[in-house]
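Student: Bring the two chains, given one by one in their own frames, into a single complex with the hints.
Listed here are the chains, written in short residue letters.
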Amino acid sequence: MKCSRRSFLKKGLGSAVAASLPLSSFKFLSPAEARAAVGDPAVRWGFLVNTYKCVGCGMCVKACKKENGVPYDLPITRTWVERYVITSDGEDHIDSPAGGRDGYTSPKIEGKDIPAEEITKAFFVPKLCNQCANPACVQVCPVGATFQTEDGVVLIDRTWCIGCGYCIMACPYGVRFFHPVYKVADKCTFCYHRITKGMKSACVQACPFGARQIGNLKDPDDPVTKAILTERVAVLKDEYGTKPQVFYIGLDENVR
Amino acid sequence: MLDQLATNGHLIAHGMDWTIKEGFVYPNEFIYWSIQIVLYPYMTGLVAGAFVLSSLYHVFGQQDLKDMARFSLVFSLALLPVAMMPLLMHLQQPLRGMEVLFTPHFTSAISAFGIVFTTYAIIVLSEIWFVYRTHFVEQARALKGKAGIANSFMRGLFIVLSLGAWDLGEAAVAKDKKAIKILAGIGIPVACFLHGYAGFIFGSVKANALWMSPLMPVIFIMSAVVSGIALCMLVYIIIMEWKKFTTTLAKGRGDESVQLIKGAELDLILKTSRYLIGFLIAAITLELLDLIFRGYTAMKSWDILRSVMYGKDFFNIFVLQYGFGNLIPFILLILPRLTIRRTALALVLILFGVFMMRWNVVIGGQAFSLSFDGYMHYVMPIIPHNIETFKEGLGGALLVGITPFVLFWLINKVTPSLRFNS
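These protein sequences, in sequence, are chains A and B. Once you know that position 254 of the first sequence is 663 in the working numbering, the rest is easy, because the numbers rise by one and skip nothing. Once you know that position 35 of the second sequence is 103 in the working numbering, the rest is easy, because the numbers rise by one and skip nothing.
The shape of chain B in the complex, shown without the other chains (with noise of 0.2 Å):
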């Protein structure tokens, strides 16, 4: 009967609809970790940047983050499911995706996965319920009386999400208010431990001679931090946009508001813009130092890795990567009179240059044989012919980009995270 199937055209190799081989590459290698693979280590970054983020307000105090911390909180929560996306719609086998949780094989990277994901999802979703109860108990006591079934509903909903405790006397709100900055700080080194460890899974594959380094998490977490910052600061600079947008509408171009506005804005967007360049320049130099390493110690697998790298992956890494990714918005931050819009544009293509590194390091990892005499290239998917290349190719990358936003405004409905102008 399978002979019959593949005679038949039904049956197809996992890989063989993405990967062009190359000269001699063992039969059974193909492209097995594309682009949602790219996607993981991407995702978790984004989470505990914006995590990270949120916590400085809780815990250190950054009055000027009161703004962003509720939107960084409540937005680091609808990415989190969609960190796991990427490994679940990789799976052969999804339905399986919870054995991970209850038959852990502790020395495999990615079982901690489980127990450090759960632990950051509980530890989110709790210091989320500290923030908003007060909100929840006010809604339920608001909505008391109201006609209407979505009244009701609503009602019910937030009287469920209270838990119960409809204390709002002022020991107790300032209890909340302890229990968010406790929850806020055991959250940053959880928040660095999730993505540290993606890059140990990537680091820990001896069998492959680009990922294989002890300097892979670090570069996993300075690039994440990267990235997480950047993309606060870019939607921080959205939201202060629009915020200026309608002040402007309201009160006309010249009040005093908007140019205050325009001040605070600019002033928070320096000052953590000094320290977007500090973690961009160590990550940065830890690649390099990496790269440096491996062409001076030229082991066996440097004559393919240089050929992929200085050759067949040079626009990728050097122009796409290095270049627009890391150079060009490093200059256009350190450059005098900083602007909004020149920091957009940097913070635009830092995003750019981080998912670069992780496509690079990914797909870069698997453009080599490990005969180290061939090639393997990955041709991603654009218009999908089945699960597989839609699941691994751009249905399933944009799949993945879009749901966090869907999410973020489902979760909004329940604990608005957007009232700036109260």
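So that you can see chain A by itself, here it is in the shape it has in the complex (with noise of 0.2 Å):
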């Protein structure tokens, strides 16, 4: 057989690609398997967030750590709450000391007491992952290890994100952080495994007031649905052009 350099380069170029693509790269998966992983079509994940009801008990961020397996007493957190007092002379004071988790006790915020009297307005907001239905975490992400379901929720797999911290960075609500054990990005899920199953999200379920609610946005009889139709809600930050969809109503122009 007559092997000439240039035909032998050519076919071993071609045995070394040929050899470098692992087989256990494709993988074939059940009809069943493929829909669970693009999620329901007929739904789209939607939250809700009465910040009239929110006490800054702290109940849903000690259920969203617990739950999600974010470490107790690191101060990275999948939701948390915020809380803004604005005093007469116009000025916001705003604190969220471990994310709000171990509620709001004591009347101090950033180290002192602001006088009752000089109090205009006080209220807490509870904060998680948009889930936007234009989300610049996906964008960014280099290997697309973070992604949009059908059902709106983005997701990360943790078997497959690098921990470039791209989408840490391009997120505007600063929702994402590096999960200390997985090292890997991280971020509230809506508490994906739990509302595909029919459950409630556990910040929802844990919430002792009706603060937070979660629900399918395409069906018009959902309470979620109705109240964002029927009611005056707003996002927060829409100039980025996300379009989150965790709703908020009472959201004050101080809230950042």
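Since the hints were made in silico from the structure, they are not lab data. Certain hints may be false.
Said to hold, decoys possible - Under the rule of at most 16 Å between Cα atoms (straight-line distance), these lysine to aspartate or glutamate pairs were calculated in the EDC-like manner:
#	chain 1	residue 1	chain 2	residue 2
1	A	646	B	244
2	B	368	A	504
3	B	89	A	504
4	A	530	A	500
Stated by the list, open to error - Computed spacing ranges between beta-carbons, pair by pair:
#	chain 1	residue 1	chain 2	residue 2	range
5	A	648	B	363	15 to 21 Å
6	A	507	B	471	49 to 55 Å
7	A	648	B	91	19 to 25 Å
8	B	91	A	638	55 to 61 Å
9	B	206	A	427	48 to 54 Å
10	A	500	B	367	21 to 27 Å
11	B	313	A	417	48 to 54 Å
12	A	646	B	363	19 to 25 Å
13	A	646	B	374	16 to 22 Å
14	B	370	A	422	51 to 57 Å
15	B	366	A	450	43 to 49 Å
All C-beta atoms, glycine included, are put in the ideal place defined by N, C-alpha and C.
Tutor: Now the structure itself:
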């Protein structure tokens, strides 16, 4: 057999490319697996926060950390509650110690006491991933490890994330962080493992006052959808064009 | 188990070790991109600059750059893996870094890295092969029959490196030259793209008020060219000074050849410094335009940006970057009767200024909270107490800084690029 150097190199290169494609990277899904992988197209998960009802007890943060295995004593958290105190001079005082996990039991804010007569308004704002319709985090992931399901929830593949942090940088809401155990990006999933089985998100279930609600925005009879359609609601930072799907009743202009 | 680990102090959130928060900052916010991401655009800038300089000789036939061309080509190969190193050191999952090549997600600016970087690496490697093919063949032939394990190893290495192309005839060598010219020509736009898109990575982050700017890629390319030319000029000065020194030792101070080297060195430095000044002006103009535009339009983020730029980071931005890094070297270079020593000082300051520009973009962009109501300070870990603080601290930075020189020393054993006296 005649084998010139040129043809040897050509064939060698071809074999090298073929050998570098591991068979394990091809995986056949059963129809059920495929459906579960993309989510239910008849559902669009949405969230409603009624800030008038929130008392800052921190039950939601506790429940979330336990449910989702986020280390309890580290400052990182998938959901948190912010406290806003506006004084008569127009100044805003904001804090969220430990993400509000332990509840706001002290009137001290930023380490100082504000006389009650100076306070014109005060309220709590729970925060979580907005599961944006146009998510910046999904756009910037270099390996496609974070993705949006058919039912609108943004998830992270822990086996594929390289931990570059680009998604953390791209999120205008600061909901993402590095999970210290898995060493990958992490964030709120609306408790996708629960809601796809007919349960409520952990924070929704833990909230004693009904300040947090989750529902299907594609279902006109869903209480969340009804509230969003009939009441005056707002979203956070709409100027970024991310189209957030967490809606707030009673959002104040001071909210960051 | 997670709770146990956390309370036992084994767990730490990424960024906690070097971030100090002030005011209202969201709980998950830390300085996630630290010194390694400062070094990444700095290193790619130097790679691009070194390659462009070698191409000036190969493509445009600048004969006075002949000595420099080989050096800067081999040096850009040594810098090449180092441009990737900060990214790998920064990844939380460095072993998965290859996924960027296997499953690129093309809406992401980082995903282009794999393709651009690989293309660029192939161009540099093949160009070096064409430049050194004659050398490989000659060495393999010269080492034939010599005793010793080292000799037979080197001979084997040269035989492999020659890839079996033993023809040193006139036609074959002419073909090599043509290939070099073509590769160098393609390399210039690829090198610029490699760096311009590093600017895009930052400029396209809409969540970051400081980074988000369409000018960012252009600013990055300009400052890359500045830093690349500056580094090559500096190395050129060092090499020529060495050459002058050895000639003086051999032939005496008053010898004609010493004066000849002196004249040639100054002539080239004067020529190149004009390009340097031009690019420097372009870079500063764009940066100031960006600053003025932000102040004039005064969008929502301007209050916090102003407090960072004119307050907390004033020294870093206006004293170190614009003052020491731009203004002083600019004056040094435009003052009449430019000397080699003055140029060398200006070049060192310019290299420092470009580094500070990267620092002020990357770290400065994270100096304020997304809430626009708080600040974060990066305290670079000096003495590491775990792998994270090594990677994202002084240790990791020094490792990245030293590696190109070690690599250059190794590569230079096979492809000698510092033979000037012959």
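Student: State for each hint whether it applies.
Tutor: Cross-check of the supplied hints:
Proximity of residue 646 of chain A to residue 244 of chain B is assessed by CA-CA distance (about 58 Å); at most 16 Å being required, the pair is judged violated. Under the criterion of a C-alpha separation no larger than 16 Å, the hint pairing residue 368 of chain B with residue 504 of chain A is inconsistent with the structure, at around 21 Å. Simply put, residue 89 of chain B and residue 504 of chain A have alpha-carbon atoms about 12 Å apart, close enough for the 16 Å limit, and the pair holds. With a C-alpha separation of about 11 Å, the suggested pair residue 530 of chain A and residue 500 of chain A falls inside the 16 Å cut-off, and the hint holds.
The hinted window of 15 to 21 Å between residue 648 of chain A and residue 363 of chain B holds, with their beta carbons roughly 19 Å apart. Roughly 41 Å separates the CB atoms of residue 507 of chain A and residue 471 of chain B, a value that falls outside the hinted 49 to 55 Å. The hinted window of 19 to 25 Å between residue 648 of chain A and residue 91 of chain B holds, with their beta carbons roughly 22 Å apart. Restraint check, residue 91 of chain B to residue 638 of chain A: a C-beta distance of roughly 37 Å breaks the suggested window 55 to 61 Å.
A C-beta distance of roughly 36 Å is found between residue 206 of chain B and residue 427 of chain A, which places it outside the suggested range of 48 to 54 Å. The given range of 21 to 27 Å is respected by residue 500 of chain A and residue 367 of chain B, whose C-beta atoms sit roughly 22 Å from each other. Range check, residue 313 of chain B to residue 417 of chain A: Cβ separation about 49 Å, and the 48 to 54 Å hint holds. The hinted range of 19 to 25 Å is satisfied by residue 646 of chain A and residue 363 of chain B, whose Cβ atoms lie roughly 22 Å apart.
Distance hint check: the CB atoms of residue 646 of chain A and residue 374 of chain B are about 20 Å apart, consistent with the given range 16 to 22 Å. Hint check: residue 370 of chain B to residue 422 of chain A, Cβ distance near 55 Å, so the stated range 51 to 57 Å holds. A beta carbon spacing of about 44 Å between residue 366 of chain B and residue 450 of chain A agrees with the range 43 to 49 Å that was offered as a hint.
Hints 1, 2, 6, 8 and 9 from the earlier list are contradicted by this structure; the remaining hints agree with it.
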